[in-house]
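Q: Chain residues, written in single-letter form:
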Amino acid sequence: AQSVTQLDSHVSVSEGTPVLLRCNYSSSYSPSLFWYVQHPNKGLQLLLKYTSAATLVKGINGFEAEFKKSETSFHLTKPSAHMSDAAEYFCVVSDRNNDMRFGAGTRLTVKP
Amino acid sequence: DAGVTQSPTHLIKTRGQHVTLRCSPISGHKSVSWYQQVLGQGPQFIFQYYEKEERGRGNFPDRFSARQFPNYSSELNVNALLLGDSALYLCASSPLGTGELFFGEGSRLTVL
Numbered sequence: 001a002q003s004v005t006q007l008d009s010h011v012s013v014s015e016g017t018p019v020l021l022r023c024n025y026s027s028s029y030s031p032s033l034f035w036y037v038q039h040p041n042k043g044l045q046l047l048l049k050y051t052s053a054a055t056l057v058k059g060i061n062g063f064e065a066e067f068k069k070s071e072t073s074f075h076l077t078k079p080s081a082h083m084s085d086a087a088e089y090f091c092v093v094s095d096r097n098n099d100m101r102f103g104a105g106t107r108l109t110v111k112p
Numbered sequence: 001d002a003g004v005t006q007s008p009t010h011l012i013k014t015r016g017q018h019v020t021l022r023c024s025p026i027s028g029h030k031s032v033s034w035y036q037q038v039l040g041q042g043p044q045f046i047f048q049y050y051e052k053e054e055r056g057r058g059n060f061p062d063r064f065s066a067r068q069f070p071n072y073s074s075e076l077n078v079n080a081l082l083l084g085d086s087a088l089y090l091c092a093s094s095p096l097g098t099g100e101l102f103f104g105e106g107s108r109l110t111v112l
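Chains as they are written, first to last, in this note's numbering: chain R, 1 to 112; chain A, 1 to 112.
Don't read these hints as lab results, they were simulated from the structure. Fair warning: this is a prediction, and the values are worked out from it, not measured in the lab. A portion of the hints provided could be inaccurate.
Which residues of chain R face chain A? A few of them, derived with a C-beta cut under 8 Å, are [said to hold, decoys possible]:
id, residue
1, 29
2, 32
3, 102
Heads up, the beta-carbon is just placed ideally off N, CA and C, and yes, glycines get one too.
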């Protein structure tokens, strides 16, 4: 069985400082990994995905994530936070059957 | 291009009633998935349909059912509603083989 653990339920940063949202996964197979963002009262939007190509994945809005198999991690980063980045972020793991499991989410707050 | 559309956006039901939620996928997407998102949690997988056949089912009781129509739209039905069914129900469509989900904005169900 596969699963995802998001290590922080809430992260608070100041505008212009780096963002780090942590995700560890468990999977019996070579997984596909995703990060989705959910703004208040909105659906989820794909930020980026890893599907066994380059381990450093670049996404939209300046976000990127690095797949580390030895650490079973897929942390999301951004060099400089913007106020518009404030949202809920979900790490997702998918196995070869396309069964997608979501983490519990990390709420990102950006202070001016 | 139109994204994934869901209806209704909000609805209120009482315990024991039945509800039908509807989803239209992005044109060309043949796979539709349903997720339940309880407040403060990540989405939980309910069903996946592809070419009108159920391809996956999450850990939900038989009160939950779904179907997909020839035009690839889908319905989620929930019978004998319980207070705990109050949630945001998300529909996502997916291009074949990508594992990438495109979400609608959801139907928010409140059960009183």
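Q: If a hint holds in the structure, say so; if it doesn't, say that too.
A: Taking the hints in turn, this is what the structure says about them:
The beta carbon of residue 29(R) comes no nearer than 13 Å to any beta carbon in chain A, farther than 8 Å, and the hint placing it at the interface is violated. For residue 32(R), the interface hint holds, the least distance from its beta-carbon to any beta-carbon of chain A being 5 Å, beneath 8 Å. Interface restraint check for residue 102(R): the shortest CB-CB distance to chain A comes to about 4 Å, inside 8 Å, so the restraint holds.
Checked against the numbered hints listed earlier, the structure breaks hint 1 alone; every other hint is satisfied.
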